[in-house]
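Residue numbers (the working numbering), protein chains in the order written: chain E, 1 to 329; chain V, 1 to 678.
Don't read these hints as lab results, they were simulated from the structure.
From the three backbone atoms N, C-alpha and C, an ideal C-beta is built for every residue, glycine too.
Incorrect hints may have been included.
Label-pair ranges, simulated between beta-carbon atoms [unchecked claim]: (1) E:45 x V:160: 55 to 65 Å; (2) E:264 x V:547: 30 to 40 Å; (3) V:546 x E:227: 57 to 67 Å.
Partial list, derived from the structure: chain E residues whose beta carbon lies under 8 Å from chain V [said to hold, decoys possible]: (4) 29; (5) 77; (6) 128; (7) 191; (8) 192; (9) 195; (10) 203; (11) 235; (12) 240; (13) 245; (14) 247; (15) 251; (16) 252; (17) 296.
The primary structure of each chain is shown beneath.
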Amino acid sequence: MKSKRTSPLGAGSLPGTGTHAGPRATARRLWQQPLLHFLLLGSLLFFVSALWRDWAQRLVDYPEPQRIEQLQRDWLAQHGGKLEAAQREALIRQEIDERILFAEALRLRLHLGDPVVLRRLHQDLEFLGIRTPPGEEIRTALDMQLYHGDELIRRRLVERMRSIGSGPLPEPTESALRERMQAQRERWMSAPRISFEQCFLRHESGVAERAAALLKSLRQNPAGPLPQGDPFLHGELFQRLDEAQLSKRFGAAFSRQLLAETRHRGDIIGPLASPYGLHLLRVVDHDPPRPLPFEHVRPQLLREWQQDMAQAHLRQWMAALRLRYRVRR
Amino acid sequence: MPTDQIQRRAGLLAAALLLCACGANQSNLSPQTTPTPDANPLQSDAARRCQDYNPLKNPYFGDLHVHTIYSLDANTQGTIIPPHDAYRFARGEKLGIQPYNAEGVALREAQLARPLDFAAVTDHAELFGEVEICTNPDYLEYNAPECQFYRRSPSNAFIFFNLAAVGLFDASQTPASDQPFANQAPLVGSDGSIPRLPYCGPNGATCLEAAKTPWQDIQMAAEAHYDQSSECRFTSFVAYEWTGAPMSNNLHRNVIFRSGVVPELPPAYQEHPEPENLWAVLDELCKLEEGCDVLTIPHNSNLSAGLMFQATDKNGDPYDQTVAQARQDNEPLAEIYQHKGQSECLGTSGAGMQDELCGFELLPYNNLTGDRFGGLNTGPALEQDFLREALKEGLRLQGEIGANPFKYGLIGSSDTHLGTPGLVNEEGFPGHGGAGAAATDEVPPGLTDLIEYSPGGLAVVWAEQNTRSALFEALRRREVYGTSGSRPIVRSFGGWDLPTDLCDSAKFVETGYASGVPMGGDLPPAPEAGGRPKMAIWALADPGAGNEAGGALQRLQIIKGWTDSDGKHELVYDIAGNADNGADVDLSNCEPVGPGFNQLCGVWEDPDFDPGEAAFYYGRVVENPSCRWSTRQCLKAGISCEDPDAVPEEWANCCNTDYPKTVQERAWTSPIWYSPQS
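Okay, chain E solo, but in the shape it has when bound (with noise of 0.2 Å):
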């Protein structure tokens, strides 16, 4: 007997089969296959199927009231006052992110592979009492989802997923970092710094009377010798000393007040009372805030760099995150 010759798709002759049958008698004739038919049809089932388990994996719950609580009781603790309303939707908000992350992190089944959480699984067992045959310990605790359960397990996968969202570290050409010193460059300025030389009164019966009369002879004469004081420990001249130098000698008050009258290089100031004192002051110079060097900064400016563009990409990240998810209240 004979064998009948089939196509390869299986389903019988293929009328017209040879060289005269054009590429779109073709088409048509594969699209009537009904091997096809079961291939697309079982495609798109998978296809939906995998689309439903991952909406329905990407639900997570609104926080609980008791939850909510203790969000804003530890706020509290910690800043003490009064928790305001946007604040604590922001806790809220803050809470549902990491309920995303930690969803997140089980869909891409990121604890399978971490030796943290499987060790904390295996340790959760022991706690719990539970008797598995040997080798069958995260097994078993995988089946019972213990996971969700364990707090160390949760604040892992988050930091993980953070890290995830963050992206690579990244490195900056040199003219970014640059030009970020020159978008901040406020910040990256040396302090004002004063030189000066004072007339020391010491706190005794008398004293604002006799700094008044030697300030109205300084003033008359600024470019004279300093009237003579009462000693002072840490003598006359006073060579760049920014606020904080000046608050460890004289005290926060007297710095304070010494920066804001400062003017020029000359000026006479006073009297100022410190914890000691008064004092009559003549500025010898002033250094106003200067551009630090930037290679002086640019440790700072490179680690603050990186941190912000890994803060702009989790940003970036998680928003089209929260997209994805729905919460369930």
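Since chain E is already given, all that's left is putting chain V on it; use the hints.
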């Protein structure tokens, strides 16, 4: 503590350590250099010129005793602050501190009203590797029984690890060291070292390798926060704590490196269980590469049960000149005060018996477990453990063997275990953890630390500028003083020709240097024509800032110690101010009452000087009384001791009459020495 809380705490610790971990490895034992702008860090650092360079020197305030996450006692109590954050805090940033909620968010905050000028993170080196392994599942030994115990019960593991690793009895330090059985016992240093825990493997190699990760992170943090611009706002030192405490008798030393050139691993107690070993190995390792220099600073001699100032070497033999000189060369400073009490004087002998100020922040026991085990492993404090007595003993040894092993300059520091350098204000004291109380999972009700502890002190350095080189040189020459937490500015000079009216001079400092030596120095030889040494001290009261109220001064004192054929002696002289000024505190609101001085100055001449007798002189600047930290907390809690039965148990110490309601903050200058041979 509930198990879930313990696990959560261990988990947070693990996560934090993992986040901090960095895996670079080094393959040899030679010193390594962290990145610096120049190949020779010493030369480049010394050549820097800061904006506030002052040849007459500026005062810089700092803290050279700080623990972070890498210290076992700190992290088993819930501290997860890494060195990087500790330095941020020292520079004035706000920091969240323990306890933490389930999300790892700190429930308390702290911030310095006045940033520090310098700091050193000094984590306990002995268990760097052990902790790293137990908290990092990448290590095979992560599942060792000791590690499982560590993660399940951190507080118990702290005791076990400490006793097993750094608290072992070291036979060579006892009078019984000549007994064969003592040195042949398996765990008492029979081969010259203390065995590490079993999971550390042969010779502790696994733990030593793992120790590199925290040590490198400590170095990186110090490097990142060292301001190398001409602003010179902050200096950080690479440092660690060598944590020897046989049977809990404290021999701890902070080890401070001058630059970023440091040994690949910090020499620890297990491998180098005697101070003499430590100095030898530090010297050996530092010689391998230019730029490495180091000094050690002992602390809490008050808790050493007689060990800290024992002048015997590792074999129990009395110090000879070489060993005594090695101690003086390596160890120029000692911590006279920190949160575990003062180590100045006990006040049980000689003139000290009349020195009522020796009662300041005195701990009632003599070692690190004084508050544990029902007091069975401790005893009463010993005078020989206090620096005044040690300074006198040093003079005696100088005469006897030709070198003074106890020639100590004086500093204060905090010993914070919360990663908060400089947090030493009585107001708002959150406790320091460590050996004291900690807020591991919640802020416990009642006082924030053990009643006998206190916020700790500060180190003040007179240096030309705020760089590592300038500060280290000042530490080395002892031109430093310690405070009990406040910030008075104190200068002292000693000399034969200091003018008696120096306090009336506008050139106090210039004259002091020209005619004498500053604190920490040695008087030159006595003039042939005879004469008596003079000491000049000038102190400005702490001007205060923010919630750190400045304190008015009460008096200036000179403490003289000397030796003669009759033995050791001491005298305390009031040289300025008024001990009976009537200043006090209104305990109903902690407001100061009565007069005080905003500055004090005095020039004092030794009335009983004998050029044939070795002597030292140090200054003590005493403030008016102010409320102790515990009094402030009791007041805020509204505790009244009129009806003791109504006082909640957790606040019972508010009514404990063994502890004063007020303190007199103070500063101690480094001594100036006179030697008949000098």
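Given residue 235 of chain E was flagged as interface, is its beta-carbon under 8 Å from a beta-carbon of chain V?
6 Å, holds
Outcome for the supplied range 55 to 65 Å, where the beta carbon pair is residue 45 of chain E and residue 160 of chain V:
Because 60 Å falls inside the window, the suggested range holds.
Regarding the hint that residue 195 of chain E lies at the interface with chain V, is the smallest CB-CB distance below 8 Å?
10 Å, violated
Tell me if the beta carbons of residue 264 of chain E and residue 547 of chain V are separated by a distance inside 30 to 40 Å.
Holds - the Cβ-Cβ distance for residue 264 of chain E and residue 547 of chain V, about 36 Å, lies within 30 to 40 Å.
Evaluation of the interface hint that places residue 192 of chain E against chain V, nearest CB under 8 Å
11 Å, violated
Is the hint on residue 191 of chain E kept, meaning its closest Cβ partner in chain V is under 8 Å away?
6 Å, holds
Return the status of the interface hint for residue 296 of chain E: holds when the least beta-carbon distance to chain V is below 8 Å, violated otherwise.
4 Å, holds
Range hint 57 to 67 Å: satisfied by the CB atoms of residue 546 of chain V and residue 227 of chain E?
34 Å, violated
Residue hint residue 29 of chain E, partner chain V, criterion CB-CB below 8 Å:
60 Å, violated
Would you check whether residue 128 of chain E satisfies its interface hint, that is, whether its CB is within less than 8 Å of any CB in chain V?
11 Å, violated
Status of the hint placing residue 251 of chain E at chain V (closest C-beta pair under 8 Å):
3 Å, holds
Given residue 247 of chain E as an interface hint, is the shortest Cβ-Cβ distance to chain V below 8 Å?
OK, holds: residue 247 of chain E within 8 Å of chain V, min 6 Å.
In this structure, the hints that do not hold are numbers 3, 4, 6, 8 and 9, in rising order.
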